[in-house]
Amino acid sequence: MNAVILDQVKVRIDPALKIKPGAEFPRSLAWWQRYVPIWLDATEGDRGCIVLTPNGRSADGRVQEVTPAIARRDVRRALAWLDKQIHLDFTNALVSTDQLW
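Take any residue in the sequence shown, count from 1 to its spot, add 2: that is its number in the numbering used here.
Don't take each hint at face value.
[Said to hold, decoys possible] Below, simulated EDC-like cross-link-like pairs (lysine to aspartate or glutamate); rule was C-alpha separation at most 16 Å, straight line:
(1) K12 x D62
(2) K12 x D85
(3) K86 x E67
(4) K86 x D16
(5) K12 x D91
What the hints contain is simulated information worked out from the structure, not anything from laboratory work.
Values in this document were obtained by computation on a predicted structure and should not be read as measured data.
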């Protein structure tokens, strides 16, 4: 469990929000890279899926080696972060938490 894979076509936006044309999903890789926390890297996988992987960075500028234990911890943190998004529903978009090594 070293990455979170999202099928961004299945991301749902709160219907109470008024969505501007072009702001629906799927969104560009550049948007994902700006949106995710600093301790995650966003890359594009197969079929337009977004792959979120831990990178060992922290907001205070420290960079640590991403050991398997740290990767598992950060994937759990990424899932918790996705769950806390108020106006975005990632429930059906979660494809898997993939083993990368």
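How the hints compare with the structure:
Between K12 and D62 the alpha-carbon distance is near 34 Å, which puts this suggested pair outside the 16 Å criterion. With a C-alpha separation of about 15 Å, the suggested pair K12 and D85 falls inside the 16 Å cut-off, and the hint holds. For the given pair, K86 sits about 27 Å from E67 by alpha-carbon distance, which is inconsistent with the 16 Å threshold. Proximity of K86 to D16 is assessed by CA-CA distance (about 13 Å); at most 16 Å being required, the pair is judged to hold.
At most 16 Å may separate the alpha-carbon atoms for a hinted pair to count; K12 and D91 meet this at roughly 9 Å.
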